[in-house]
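Chains as they are written, first to last, in our numbering: chain A, 1 to 333; chain B, 1 to 267.
If you are wondering where the hints come from, they were derived from the structure by calculation, not from laboratory data.
There's no promise every hint is true.
[Said to hold, decoys possible] Listed next, the in silico EDC-like pairs over lysine to aspartate or glutamate satisfying Cα-Cα at most 20 Å (straight line):
1. A:K149 / B:D98
2. A:K149 / B:E218
3. A:K149 / A:D182
4. B:K34 / A:E105
5. B:K34 / B:D44
6. A:K149 / A:D106
7. B:K101 / A:E139
8. B:K34 / A:D106
9. A:K149 / A:E211
10. B:K34 / B:D98
11. B:K34 / A:D182
12. B:K101 / A:D106
13. A:K149 / A:E139
14. B:K101 / A:E105
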Amino acid sequence: MDTRSTILSDTTPDREVAAIRARGLVKRFGGLTAVDGIDLDVPRGMIFAILGPNGAGKTTLMRMLATLTRPDAGTATVMGHDILTAPAAVRGAIAMTGQFASLDEDLTGRENLVFLARLWGFGGRAAGRRADDLLAAFELTEARHRQVKDYSGGMRRRLDIAASLVVTPGVLFLDEPTTGLDPTARQRVWRMIRHLAQSGVTVLLTTQYLEEADQLARRIAVIDHGRKIAEGTSRELKAATGSGFLQVALADPGALDRAAALLEEHLAAPVQRSPEGARLSVMARTPEAASAALSALVAAGIALEDFAMGAPSLEDVFFALTGAAGPPPEEVA
Amino acid sequence: MTDLTPANLQPMPRPPRPSALSNALTFGWRAVLKFRHVPEQLFDLVMTPLMFTLLFTFVFGGALAGSTRDYLQFFLPGILVQTVAFNAVYSGMGLSTDLGKGLFDRFRSLPIWPLAPFAGLVVGDLLRHLIAGGIILGIGLVLGYRPDAGLPGVVAAFLLLLAIGFGIGWVFIVLGLLIRTPTTVMTLGFTVLFPVVFASNIMVQPDTMPDWLRAFVEVNPISLMTTAMRGLMAGTATLPQVGLALLAPVLLTGVLAPVTLWLYRRT
Ligand SMILES: Nc1ncnc2c1ncn2[C@@H]1O[C@H](COP(=O)(O)OP(=O)(O)O)[C@@H](O)[C@H]1O
Ligand SMILES: [Mg+2]
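I would like the entire structure built from these sequences, with the hints used as guidance.
In structure tokens:
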């Protein structure tokens, strides 16, 4: 499916330039370097995720790209506009839904949207129509006349995202769109982000959840301490970090050393021993590799009490990317 | 009709970019809406000056001016000045609250006139000043206050009052931008305002004060404003009196409006 043909931005000088191109962005707060030289290339029309733990610098990076914060070094263009020399043009081409709700709690959902539509220049009638369409698209029609302070977390998020779509942006920034939402509300927001991307909007989102990046994004950049430590598709990242953790519990603790050696040999990854029992865990690159390693244990006569295959958590990814035995912290792919 | 989803939302043609005035009016509209939704904010604004009016008039009035009625005649124009000054503190708190919530991040990422959010704030403030001032005046009239200059005098006094509120408002817009905790804005605001309001001629003429204090009270901008307000309501105001009353608001606006813009754009 060609999504690029439907990109809507009349303020773009050149349709072929990347949605976002950043080089060496740096932001310091006093002695702390929150963003430490990040390069980013986001092609148009895709969902791109920035994955990192709390304090990694995700918000700061996004705020620089949205012209809310000036970088201390580096350059970037958004939809072809330079964030330093043409911030007004950047603002005309983007919309941002920040980490904290950017809504007026005292107003109703509809009033919030009409207000923004008027700021964009819609006349009274057209502003109302735009607000009603957005409310319908984000399943908020029933709640439209309620004050936002009475909205649930999920409703707020949806309204906040709707508020970024009053005019269709070239790039939509979503800072942790589902943090703090329950699983149902999260699924709903995910569905809407996917729908949105189908219309050709480029989406840059940040998240702390590997699963979220995996579910939504075509490409993922992993950042930590203000640096990008890996970038690639979800599959590429998993190829580099392993698709999951294999955990085994041995029936006989005496076989621990032998089992660890076998696993290490078959999976070529460091084996972690849990101190309290006869448990081992090791990163497995593929399910096939994990299954082969299990067969080897059985063939060697080592009895298992149980085993489990777990999806890697963000911590596991970091362990694999930055751990001594992991691949070098460079771009994957 | 098929379901509306974010993907098949009609991409509207972009409207032409609105003018700065249109942006400012939209923010003003928001301020009016907030009034409709949160009328209880008026309670905060009116209770303090109301208590002051009643307490001073009935407790001290007789002792200070011979009769409660004479005191009210003296006191009411000044309490209006105090009302708008205290109002401005609440407005700074509101700004600080908005900033903490990320609402202003959205405004700053929109291609709008950068001062428009503040224009909206000012519209809301002026509305609050008018409503609170009107209520206090109304209560004064019930208690026996009589503006000798009649309606034209009251209108002129209220115009001056709005100018005063506008000028003082900048102080708290700047504080609201600088301080991220709304309660700190309030504490700091009242810490600054209380001495300035009390060491003025709002409650008593400075004749009986020690020289050093009297010297301060006589140049205190709040005193100058109060004198002009009294003059306008009584029909005795002189041009220099009004000019002196406007001095502080004009200076505050001239200095703090650019500071506001700078603070808003920095980082
Ligand atoms: N305005 C600020 N002043 C000082 N330090 C800040 C400011 N904003 C962020 N930081 C610091 O910069 C680092 C990165 O923050 P942030 O970009 O918010 O990370 P993330 O969004 O990934 O959680 C953190 O250590 C945070 O404390
Ligand atoms: Mg963040």
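So, going through the hints one by one against the coordinates:
Between K149 of chain A and D98 of chain B the alpha-carbon distance is near 13 Å, which keeps this suggested pair within the 20 Å criterion. The suggested pairing of K149 of chain A with E218 of chain B is violated, with an alpha-carbon distance near 47 Å, which exceeds 20 Å. Distance hint between K149 of chain A and D182 of chain A is fulfilled; the C-alpha atoms sit about 18 Å from each other, no more than 20 Å. Pair hint K34 of chain B plus E105 of chain A holds up; C-alpha atoms about 10 Å apart against a cutoff of 20 Å.
For the proposed pair K34 of chain B and D44 of chain B, the alpha carbon gap of about 15 Å is at most 20 Å, so the pair holds. Proposed proximity of K149 of chain A and D106 of chain A is supported: the alpha carbons are some 6 Å apart, at most 20 Å. Between K101 of chain B and E139 of chain A the alpha-carbon distance is near 24 Å, which puts this suggested pair outside the 20 Å criterion. With a CA separation close to 6 Å, the supplied pair K34 of chain B and D106 of chain A stays within the 20 Å bound.
This hinted pair does not check out: K149 of chain A and E211 of chain A have alpha carbons roughly 30 Å apart, beyond 20 Å. Restraint check: the Cα-Cα separation between K34 of chain B and D98 of chain B comes to about 13 Å, which is no more than 20 Å; the hinted pair holds. Note on K34 of chain B and D182 of chain A: the hinted pairing is violated, with a Cα-Cα distance of about 30 Å set against a maximum of 20 Å. Annotation: proposed proximity of K101 of chain B to D106 of chain A holds, straight-line Cα distance about 13 Å (limit 20 Å).
As the CA atoms of K149 of chain A and E139 of chain A are separated by approximately 17 Å, the hinted pair is consistent with the 20 Å bound. With a C-alpha separation of about 10 Å, the suggested pair K101 of chain B and E105 of chain A falls inside the 20 Å cut-off, and the hint holds.
Checked against the numbered hints above, the structure violates hints 2, 7, 9, 11; every other hint is satisfied.
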